[in-house]
Amino acid sequence: MSEKKVLVVGDSHTQALAKAHGARAGRQLKSDDVLFEINWLAKPDNSRGDLPFADALDRAASLGPDDVLVISVAGALHNGIGLLRHEKPFDFFTRDDETMTPAEGCVVVPENALWDTFKIMAEPNKKITGLRAKARCPAYHLATPPPKEDNDFIMARVTRYRDRLVAEAGVNAAATRLKLWKLEMRVLAHLCDQWSIRLLL
Numbered sequence: 040m041s042e043k044k045v046l047v048v049g050d051s052h053t054q055a056l057a058k059a060h061g062a063r064a065g066r067q068l069k070s071d072d073v074l075f076e077i078n079w080l081a082k083p084d085n086s087r088g089d090l091p092f093a094d095a096l097d098r099a100a101s102l103g104p105d106d107v108l109v110i111s112v113a114g115a116l117h118n119g120i121g122l123l124r125h126e127k128p129f130d131f132f133t134r135d136d137e138t139m140t141p142a143e144g145c146v147v148v149p150e151n152a153l154w155d156t157f158k159i160m161a162e163p164n165k166k167i168t169g170l171r172a173k174a175r176c177p178a179y180h181l182a183t184p185p186p187k188e189d190n191d192f193i194m195a196r197v198t199r200y201r202d203r204l205v206a207e208a209g210v211n212a213a214a215t216r217l218k219l220w221k222l223e224m225r226v227l228a229h230l231c232d233q234w235s236i237r238l239l240l
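Residue 40 is where the sequence shown starts when you use my numbering, and the numbers rise one by one after that.
Careful: at least some of the hints might be erroneous.
To be verified - Taking lysine to aspartate or glutamate pairs in the EDC-like style, the calculated list, with each CA pair at most 16 Å apart, reads:
| hint | residue 1 | residue 2 |
| --- | --- | --- |
| 1 | K165 | D97 |
| 2 | K173 | D94 |
| 3 | K58 | D94 |
| 4 | K43 | D106 |
| 5 | K173 | D130 |
| 6 | K166 | D50 |
| 7 | K82 | D106 |
| 8 | K221 | D155 |
| 9 | K165 | E42 |
Keep in mind that the hints were calculated from the coordinates and are not lab data.
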């Protein structure tokens with residue numbers, strides 16, 4: 040029986056996936072029918088990562104119809120938009136909580152405006168669509184994990200984010216960051232459907 044291959048390609052967090060897979064394999068009987076290959080897509084200047092994108096396309100093309108392609112590239116825009124507090128604090132209503140009362144002093148941003156922002160920023164994603172086009176097998180995209188609830192935990196570990204000092208800017212409320220993540224995951228699921236990819240939450 041030939042091995043089924045699971046090719047995982049993505050950004051730096053694939054290192055954590057590889058570490059977790061290695062730890063799990065060490066505790067369990069080795070399976071001879073599934074082969075995992077986990078790679079960090081290299082930056083154009085090869086300063087970080089272990090697999091150039093051109094090579095990733097070749098490996099995706101080599102997958103058979105019974106193999107699996109797993110992509111882990113998109114899903115972190117919510118941090119860029121809402122990890123740190125803005126000079127004008129904002130909040131937004133979601134479709135599952137229309138009774139929400141925004142915090143005092145917050146500007147209420149229409150959810151549709153944020154949806155469009157996430158959508159415009161996420162597409163076109165040539166990495167995702169390029170890999171999907173090459174693979175003849177089912178393709179999945181791993182969702183990013185939900186944001187950490189503990190602001191003190193974040194502030195103790197992150198000094199600077201996007202050229203801003205975290206201690207000066209402060210971290211956005213956990214509830215707002217979670218809503219942004221949920222909204223981005225809905226947008227990503229919508230895009231993945233268009234790309235013939237299934238989002239794994």
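Quick rundown of the hints versus the structure:
This hinted pair checks out: K165 and D97 have alpha carbons roughly 15 Å apart, not beyond 16 Å. In summary, the hint linking K173 to D94 is supported, as the alpha carbons are separated by about 12 Å, within the 16 Å threshold. Proposed proximity of K58 and D94 is contradicted: the alpha carbons are some 22 Å apart, above 16 Å. At roughly 5 Å between alpha-carbon atoms, K43 and D106 fall within 16 Å of each other, so this suggested pair holds.
Straight-line distance between C-alpha atoms of K173 and D130 comes to about 40 Å, which puts the hinted pair past the 16 Å bound. Of the supplied pair hints, the one linking K166 and D50 holds, its CA atoms being roughly 11 Å apart against a limit of 16 Å. Taking the CA atoms of K82 and D106, the gap is near 26 Å; set against the 16 Å cutoff, the hint is violated. Simply put, K221 and D155 have alpha-carbon atoms about 14 Å apart, close enough for the 16 Å limit, and the pair holds.
A threshold of 16 Å between alpha carbons decides the hint, and for K165 with E42 the separation of about 29 Å lies outside it, so the pair is violated.
This entry does not satisfy hints 3, 5, 7, 9, going by the numbered hints stated previously.
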